[in-house]
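Produce the complete structure using the sequences and hints provided.
The lines below spell out each chain.
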Amino acid sequence: MNQELVVEQSSIGDAIVLRPSGDIDMSRASSIRKAVAEAMRAQPARLIMDLSHVAYMDSSGLATLVEALQHAMRSKVKFILVGITPRVKSAFEITKLTGLFTIATTVEEATKA
Amino acid sequence: MHRPFFRQRGRVRSGDFMEREPEISIRLFSDPQLLAPIRALMDAFAKGVGFSEKTRGLLTLALDEALANVIRHGYEERKEGLIWINFWRLREPGGIRVVLEDLGRSVDPALIQSRNLDDVRPGGLGVHIIKETMSESSWESRPGGGMRLTLVKWLSEEERQQSAQSQSENTRP
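As given, the protein sequences belong to chains A and B, one line each in that order.
Count along the first sequence starting at 1, add 5, and that's the number in my numbering.
Count along the second sequence starting at 1, add 187, and that's the number in my numbering.
Just so you know, the hints here were simulated from the structure itself, not pulled from any lab data.
Even for Gly, the Cβ is constructed at its ideal location relative to N, Cα and C.
Estimated spans, in silico, between C-beta atoms of each pair:
| id | chain 1 | residue 1 | chain 2 | residue 2 | range |
| --- | --- | --- | --- | --- | --- |
| 1 | B | 295 | A | 42 | 34 to 40 Å |
| 2 | A | 19 | B | 345 | 44 to 50 Å |
| 3 | B | 295 | A | 78 | 33 to 39 Å |
| 4 | A | 81 | B | 234 | 43 to 49 Å |
| 5 | B | 263 | A | 110 | 37 to 43 Å |
| 6 | A | 9 | B | 227 | 14 to 20 Å |
| 7 | B | 215 | A | 75 | 30 to 36 Å |
| 8 | A | 117 | B | 228 | 38 to 44 Å |
Listing some non-contacts, in silico: residues in chain A with all C-beta distances to chain B over 12 Å:
| id | residue |
| --- | --- |
| 9 | 46 |
| 10 | 47 |
| 11 | 51 |
| 12 | 108 |
| 13 | 110 |
| 14 | 113 |
| 15 | 114 |
Structural data, given as structure tokens:
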């Protein structure tokens, strides 16, 4: 059965990197919300969301990322997505959200974006 | 005891395919923890019908969104509500039909609409995803309460050709 979503957190320079592992749907999107809120409290210059271990995301997950982006913009924090997998990319495309986010290929690239 | 709508009517309602029992018929509780196994089932069923990896990703997303809407709006996140899902394989020209039924709060089907995506805000994307992904989608109120959602997806021409080729190779001696 579905387990709690694990969201690893690490720091690279002035960036905090969040790395969730597993599917993100309505039963697990709140884990992302909590992790983002916690990371933002540290007031990083940039927040990098590494999605390379997320094979699936529904609209609950997308909504959480939009919330995170809006939170980051209000706090003048750069919010960057990394490692978008094919099915997650499709979810972004069908909802026309791709252009809203800064997207990098690797975490290293994101630290310079 | 609740009987799924298609049984109450005594037959499958559609002019597009043979009137017959669904290939898969399941009942589940309105528990978000059950979304993952249903996605896996949809993915496997759609693969067997011949849908591409990209289409299967969108089909699992659309069904997930439909179920999430039932859980969130129909049952207001109560986990003990009942949901029935029936899956049919459509033979000609190839596709699937999925019917979801619930006993939750009824909504006027005319009010179920995609929202304007130019209005960037969290939430409200599910109906857009369903309508954009499926060849056909229709909501109706069930007599006696709840909602019924019918989803149809036809194989693309490319998927039909690849499916036919794959079947031909599998039947070759």
